[in-house]
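Protein chains: 2
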Amino acid sequence: MFHPEAVAVIGASATPSKWGFGILHNLIQGQFPGPIYPINLKEKEILGRKAYPSLAETPGPVDLAVIVVPPEKVIPAVLDCGRKGVAAAVIITAGFGEVGAEEMRRQEELSRVIRQTGMAAIGPNCQGVMSAQSRLFAQFLWLFPPAGKISIVSQSGNVGGSLMGRGMAFGIGFSKFVSSGNEAVTKCHELLEYFGEDPETEVVMAYLEGVPEGRAFFRALKRVTPRKPVLILKGGVTEAGSRACASHTGILAGESDLFASACRQAGAVLVDTLDDLFYSAVTFASQPLPRTNRVGIVTWGGGWGVLAADACVREGLCLPALPAEVIAELNEFLPSRWSHNNPVDLAAGGGPGVLSRTLELMVKSPAFDGVVQLGIGISSFLRFMTQSSFFFGHADRAKVRETLLSMAVESDKKFSEKVMRLSRETGKPILSASDTASTPSEDNVVMQTFRQEGKIIYPTPFHAARCLGHLARYARFRQKIKGEKPGQG
Amino acid sequence: MFHPEAVAVIGASATPSKWGFGILHNLIQGQFPGPIYPINLKEKEILGRKAYPSLAETPGPVDLAVIVVPPEKVIPAVLDCGRKGVAAAVIITAGFGEVGAEEMRRQEELSRVIRQTGMAAIGPNCQGVMSAQSRLFAQFLWLFPPAGKISIVSQSGNVGGSLMGRGMAFGIGFSKFVSSGNEAVTKCHELLEYFGEDPETEVVMAYLEGVPEGRAFFRALKRVTPRKPVLILKGGVTEAGSRACASHTGILAGESDLFASACRQAGAVLVDTLDDLFYSAVTFASQPLPRTNRVGIVTWGGGWGVLAADACVREGLCLPALPAEVIAELNEFLPSRWSHNNPVDLAAGGGPGVLSRTLELMVKSPAFDGVVQLGIGISSFLRFMTQSSFFFGHADRAKVRETLLSMAVESDKKFSEKVMRLSRETGKPILSASDTASTPSEDNVVMQTFRQEGKIIYPTPFHAARCLGHLARYARFRQKIKGEKPGQG
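Chains as they are written, first to last, in my numbering: chain A, 22 to 510; chain B, 22 to 510.
For the record, the hints were derived by calculation from the structure and aren't laboratory data.
Note that CB positions come from ideal geometry on N, CA and C, so glycine has one too.
Wrong hints could be hidden among the right ones.
[As the list claims (entries may be wrong)] Between beta-carbon pairs, the in silico distance windows are: (1) B:167 / A:218: 51 to 59 Å; (2) A:167 / B:123: 53 to 61 Å; (3) B:459 / A:414: 26 to 34 Å; (4) A:81 / B:434: 14 to 22 Å; (5) B:126 / A:415: 26 to 34 Å; (6) B:136 / A:414: 37 to 45 Å; (7) A:218 / B:459: 40 to 48 Å; (8) A:137 / B:434: 50 to 58 Å; (9) B:409 / A:345: 50 to 58 Å; (10) A:469 / B:77: 50 to 58 Å.
Between the sequences and the hints, there should be enough to build the whole structure, so can you do that?
So this is what it looks like as structure tokens:
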């Protein structure tokens with residue numbers, strides 16, 4: 022499914038508005054390295070590739086078939102695949118179990134036929150599959166995120182698309198994406214199991230509306246979570262949402278509280294929103310697990326520190342008081358108005374050197390196993406300030422502006438590299454939040470430095486606290502599984 | 022305070038890194054129309070303005086003084102203001118009650134002196150004040166949001182800055198911003214009361230760490246909420262957060278559950294996060310209040326519809342079934358696979374004309390008093406698709422690309438104008454969410470159209486549902502206050 026050598030698109034089309042065009046286009050655009058065979062009765066060539074009137078007539082073996090023909094032609098296409106010896110199929114076509122009882126019978130017939138051929142099959146009623154390391158973009162959405170460690174199984178194509186789109190905006194990579202659709206044959210728990218074994222996958226994200234085989238799902242979950250974090254966003258937790266599921270993927274959402282508590286017991290990370298899902302996945306893919314839930318906060322400005330402290334406590338994190346030796350060391354170089362408290366509030370004073378020394382003391386202190394750092398990226402703010410300023414608009418001050426900016430860029434670069442280094446050296450997560458995250462731009466040096474290690478800057482203290490909460494809970498679960506005593510919290 | 026004719030900056034500086042420079046700079050940059058007097062012992066001129074060695078020597082009357090001198094010089098500066106007959110002062114200087122007991126005594130002395138002069142005074146330990154309609158930017162942060170209907174009182178300068186920064190990014194205007202600091206004289210409840218009467222303010226946002234006079238605060242709140250929504254984000258709701266408050270603004274956060282329930286009783290809208298505060302304020306400033314909590318959802322893609330339905334129900338909104346006549350009308354032009362359900366899921370079919378007709382039917386149906394609409398802005402997605410496509414990269418297809426794009430831009434423009442018109446005509450809120458909101462850009466036609474009416478596109482269904490929940494709860498509060506029966510829900 023994810024590492025084919027040759028792909029056929031059954032129902033490929035030369036008409037740009039059709040799905041059979043988009044999928045073929047994306048396979049080519051994604052630079053799939055093996056042969057791609059468009060199957061179309063009438064065309065001789067589509068998008069520069071020789072087209073074939075039938076799968077049987079393709080010149081070589083085919084490992085993966087993407088099926089985009091109308092619903093009544095899907096079973097014949099699957100039979101063709103069986104005769105050709107195709108190992109796996111992705112059935113994009115909708116019009117099955119999600120529509121009504123009659124179409125559900127068609128879907129059951131389809132499952133039966135696929136099982137007879139022995140093929141693996143995704144769908145029907147799905148958006149496609151993506152495997153970035155294999156450069157396989159067998160999907161309708163024109164999204165080409167970079168290769169990374171996160172894999173996605175989604176019972177919704179557009180939720181998966183939203184996640185990949187964010188990945189592209191923030192430079193976050195994915196390994197595999199499966200839009201599982203109606204799951205007529207391959208169920209989400211089988212995909213979960215697969216991702217559990219997949220060496221290219223380190224974090225699993227799932228958007229689920231319902232699990233067709235509950236027991237098998239929880240068994241699979243329990244096998245994966247001790248090794249890899251599994252993040253789950255559940256759709257259809259209310260009656261209205263559940264009704265919407267049935268007409269969407271044809272999968273009925275089950276009892277939600279039961280589902281949630283079973284997931285939690287099985288070690289899954291339950292998230293609440295799309296943002297939560299995205300930011301958590303990036304966090305698990307880029308941050309070490311904390312040994313305990315003891316957190317230090319370092320902030321440039323008071324309000325964000327207060328909000329971060331609240332958010333951390335609400336996430337079950339613990340904010341120990343500053344040890345006396347940390348206070349003594351900070352007293353040596355901080356202006357006297359600093360908070361003398363955790364959060365360490367620098368009160369917008371002291372410059373980037375001071376921030377850097379403070380952060381180092383906090384991260385290295387045995388009192389803390391994780392740090393939330395607020396206010397990073399002075400250079401982008403300075404760029405914005407000076408651009409909107411009449412003072413720096415004067416010709417004779419252009420040089421001052423450039424000097425200030427290059428100093429700020431240099432100090433941002435040094436500081437963000439130090440954040441990376443401190444986290445590597447101590448094995449502790451450091452989560453940075455700043456307004457600078459709301460304006461991703463190519464010249465934002467801190468975001469670029471973070472991006473090189475797959476990290477992001479969180480847009481608010483709430484995002485950082487939430488993600489650190491997930492990390493700490495999952496770390497505790499892993500310790501329990503291994504029979505370890507928790508770090509003292 | 023907010024409409025002065027002449028402003029003095031006591032402690033103005035010619036050194037760009039100093040606060041006394043930033044504040045003077047921003048007053049000038051903001052194009053304050055009256056005289057601005059820098060007060061500085063040594064300089065003859067700062068930033069092109071004649072400087073004066075003392076307030077007494079300024080040539081005309083001064084209404085507002087911004088005080089940026091060191092803490093020990095604040096009281097003498099206030100006394101100068103008293104002699105000059107200055108009506109109001111903003112005391113930026115820190116080093117008062119937020120530091121310790123001794124500095125608290127200095128703050129109490131300051132309050133006493135100010136009261137004797139009869140001045141109004143904001144601070145100390147604050148970031149400044151802003152009054153966009155008067156073009157008064159007497160603040161340190163170099164932020165110049167457009168003029169609008171929302172006013173902010175914040176006990177934190179950086180939280181206020183985050184809010185104004187977002188406003189600028191989304192083109193959302195503000196009327197006034199006050200960083201209230203330690204509230205040595207003017208308390209947050211007095212500002213609330215003022216905003217309640219201010220004809221330029223239609224929505225009030227507050228970030229509060231603690232209220233120094235609880236009873237007065239709730240009395241003020243009760244007077245304002247029947248006329249204007251007051252949105253409150255509370256910092257210091259946990260013990261750790263509360264400790265952080267004390268060393269930040271010198272204000273002790275009180276009992277939080279009690280505070281929250283009292284706020285709710287007084288009709289305030291309590292929000293949880295910075296995002297919640299920003300999006301809710303924009304929503305109240307730009308959307309009509311719904312008559313009831315009955316909501317219809319229209320979605321292009323299933324997953325977002327499911328998540329929106331869940332989020333609406335969690336917000337206490339009600340999703341009535343589609344009336345038979347709406348189903349019958351939709352059957353006439355929707356492809357047969359549509360959901361036949363609320364959410365109305367168009368299953369990515371039918372084109373923008375169909376979306377427009379569906380939305381109109383839902384908004385006009387008496388079954389719904391508000392609509393959440395998911396998936397808007399095909400043109401920015403198309404621009405993104407075609408830019409990343411080898412197909413449209415071919416020279417002979419550049420024309421196809423341009424044709425498709427201009428069609429999409431045209432249809433986006435028509436559709437977003439229709440959303441505005443439908444909401445105006447029916448008096449019902451319509452909240453649109455789309456991935457397109459995550460990439461604000463100048464050529465995004467839907468965002469531009471929304472912006473003209475002060476509206477935004479929400480980045481996820483959760484944001485839209487949350488904001489509609491706030492609207493509906495506040496609408497119910499208003500109905501109760503007026504003794505109206507609620508609309509049937």
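Each hint tested on the structure:
At roughly 54 Å, the beta carbons of residue 167 of chain B and residue 218 of chain A sit within the given window of 51 to 59 Å. Taking 53 to 61 Å as the suggested C-beta distance range, the pair residue 167 of chain A and residue 123 of chain B conforms, at roughly 56 Å. Between residue 459 of chain B and residue 414 of chain A the C-beta distance comes to about 31 Å, which sits within the given range of 26 to 34 Å. The hinted window of 14 to 22 Å between residue 81 of chain A and residue 434 of chain B is violated, with their beta carbons roughly 48 Å apart.
Take residue 126 of chain B and residue 415 of chain A: their Cβ atoms lie about 45 Å apart, and the range 26 to 34 Å is violated. Checked against the given bound of 37 to 45 Å, the beta carbons of residue 136 of chain B and residue 414 of chain A, roughly 42 Å apart, stay inside it. At roughly 33 Å, the beta-carbon separation of residue 218 of chain A and residue 459 of chain B lies outside the given 40 to 48 Å, and the hint is violated. Distance hint check: the CB atoms of residue 137 of chain A and residue 434 of chain B are about 52 Å apart, consistent with the given range 50 to 58 Å.
One distance hint, 50 to 58 Å for the beta-carbon pair residue 409 of chain B and residue 345 of chain A, holds here, with the actual separation near 56 Å. Between residue 469 of chain A and residue 77 of chain B the Cβ separation comes to about 52 Å, which falls inside the hinted range of 50 to 58 Å.
The structure fails to meet hints 4, 5, 7 from the earlier list, while all remaining hints are met.
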